[in-house]
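Undergrad: As a plain string of letters, each chain reads:
Protein chains: 2
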Amino acid sequence: MRQDSHGPIGVFDSGIGGLTVLKALMARLPHERTLYLGDTARVPYGTKSGEVVTRYSLKNAEFLLERGIKLLVVACNTASAAALPALQAALPVPVLGVIEPGARTALQRTRGGGVGVIGTPGTVRSGAYQRALEAGDPKVAVKAMACPLFVPLAEEGWTTGDVPLLVAREYLAGFARDGVDTLVLGCTHYPLLKGVIAEVVGPHVSLVDSAEATAEAVAVLLGEKGLLAPPASQPAGGPEHAFFVTDVPERFVEVGARFLGRPIPSAEQVDLRF
Amino acid sequence: MRQDSHGPIGVFDSGIGGLTVLKALMARLPHERTLYLGDTARVPYGTKSGEVVTRYSLKNAEFLLERGIKLLVVACNTASAAALPALQAALPVPVLGVIEPGARTALQRTRGGGVGVIGTPGTVRSGAYQRALEAGDPKVAVKAMACPLFVPLAEEGWTTGDVPLLVAREYLAGFARDGVDTLVLGCTHYPLLKGVIAEVVGPHVSLVDSAEATAEAVAVLLGEKGLLAPPASQPAGGPEHAFFVTDVPERFVEVGARFLGRPIPSAEQVDLRF
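Chains A and B, in that order, give the protein sequences.
Per the numbering used here, residue 1 is the first one in the first sequence, and the count goes up by one each step.
Per the numbering used here, residue 1001 is the first one in the second sequence, and the count goes up by one each step.
In isolation and in its complexed conformation, chain A is listed as follows (with noise of 0.2 Å):
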């Protein structure tokens, strides 16, 4: 397949978590077009297993392919750490995931503490930020904890008080005692609850979101490959950014606004079966 300058940047998630990914590129890379595919229809991946989630990741892949993308971004942790060699062996563009740019950040931010992570389950389980950080400093100490409740309190908006501070301590009070010093927020959900994560785990402690590292992966990525979009060629309002979800749109435009920091004026339902 061509690659063309012109097209579009895919993204897709399991559902709205990916809407911070889509808001740190749209921040780095102000001249590009995106399609957003959230498929809100068999959200979360995160408690599925490696197999369903590699199923469904190429499914939404193909569906961007079709709508000619210039390279995929997978905004989704768990979907990253299944399926990426996967996605890149099976599509024509590059793809890049959200772990090796969060492993390379911590590496960057580590002061030799240790680097903690956290995430799913299916994104801990797959061992790929912990096999992401060793690759780039063999020596590092990881330690790695799932965190299921994190993602129903981030889209119930329960990110603030006593629940979600409780919750925070119950699962991170490790993190503190062994001497971590920088921590992966391993889930685009997670950055909701950076105030209680923050607040249990110290100041001491550096929180990594893997958006911004993954948006400058991409500018890096396009630049090297000369794909980066001309801006003469930018309609005068600004480039198009499209969103589709595979259940009804409303809950997604309501509650994604506040993922991606600006208002969605509308998502497309798209009948996708897989």
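It should be emphasised that the hints constitute simulated quantities derived from the structure, not laboratory data.
Don't take every hint at face value.
[Claimed, not checked] A few chain A residues facing chain B, derived, Cβ under 8 Å: (1) R42; (2) E51; (3) E156; (4) L166; (5) E170; (6) G174; (7) R177; (8) G179; (9) D247; (10) V248; (11) V270.
[To be verified] Covered stretches of chain B (in silico footprint by chain A; criterion: 3 or more residues with CB under 8 Å from a CB of chain A, positions within the stretch not fixed): (12) 1068-1079; (13) 1126-1140; (14) 1157-1165.
All residues carry an ideal CB built from backbone N, CA and C; glycine is no exception.
Since chain A is already given, all that's left is putting chain B on it; use the hints.
TA: For chain B alone, coordinates are given in the frame of chain A:
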């Protein structure tokens, strides 16, 4: 289609929660064979639209029907709320949901102080319990509340202690103030949180679990239609109970035992795509 008293009872649910209904069925109808399908590749249904839940429900029912069931129990409250009329119209065997039996039990228990209903966002939004209660007693006062964090808490096994208690207080404090005397646990996961729910609403509020009422309704219907399994047909070790799931079976078998109250020897993964 011929309905045969030798056929099994089919039960489907979005995942493992419906095992609480199966447990009640097995206790009430010890001679019946059962087939259980948990749609673990698409779980949960409670946060998805009625349209998508109906589509999934019809496919689940089709799978069980092909295996010769004589009656279908929709063990998932969300699927019962969204899809019961569509299932009854499409299937050649009797179809029972959990809402009608639960509502009837609540009306028998209330002492006139009003009935509370808690469930997933999908169940509460559908208004199905409210309609079933008002159909039985047009003067009943109904107060419904979605409790989306209860499902992940139950699945995580966080059913006692400070976190579930705080969450229950946040959701349920209003019921105590409103003089509700009966509370329907309108989601198959909620009986696992009965302890903290009872602590928050107090001893004067009667908690209704639809599982037993549904098992009773199934027994009555099978009797009326002459479809009860002939006891002489049973193998020595008791009737067969088969389990199917749409994602890998490991977690279902492990966590499901807590819901079913007995070990699940195995579950077969089936590759349903819809």
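Undergrad: Does each hint hold? Answer for all of them.
TA: Each hint, compared with the structure:
A distance limit of 8 Å between C-beta atoms decides the matter here; for A/R42 the minimum to chain B is near 5 Å, and the interface restraint holds. Proximity of A/E51 to chain B holds as hinted, the smallest CB-CB distance being about 6 Å (cut-off 8 Å). Interface restraint check for A/E156: the shortest CB-CB distance to chain B comes to about 6 Å, inside 8 Å, so the restraint holds. Contact between A/L166 and chain B, as hinted, is supported at the beta carbon level, the nearest pair being about 5 Å apart and thus within 8 Å.
Restraint check, A/E170 versus chain B: the minimum CB separation of about 7 Å is within 8 Å; hint holds. The criterion of a C-beta within 8 Å of any C-beta in chain B is not met by A/G174, whose closest approach is roughly 17 Å, and the hint is violated. Of the supplied interface hints, the one on A/R177 is violated, with its beta-carbon coming no nearer than about 20 Å to a beta-carbon of chain B, more than 8 Å. With 8 Å as the threshold, the beta carbon of A/G179 stays out of range of chain B, its nearest partner Cβ sitting at about 26 Å, so the hint is violated.
Checking A/D247 against chain B by beta carbon gives a least distance of about 5 Å; that is within 8 Å, so the hint holds. The restraint placing A/V248 at the interface with chain B holds, with a minimum CB-CB distance near 4 Å, inside the 8 Å limit. Look at A/V270: its Cβ only gets to about 12 Å from chain B, farther than 8 Å, so that hint breaks. Counting residues of the region 1068-1079 of chain B whose CB lies closer than 8 Å to any CB of chain A gives 0, so the stated coverage by that chain is violated, three being the minimum.
Counting residues of the region 1126-1140 of chain B whose C-beta lies closer than 8 Å to any C-beta of chain A gives 0; at least three are required, and the coverage claim is violated. Coverage of the region 1157-1165 of chain B by chain A holds in this model, with 3 residues showing a Cβ closer than 8 Å to a Cβ of that chain against a need of three.
Against the hints set out earlier in the document, violations occur for numbers 6, 7, 8, 11, 12, 13.
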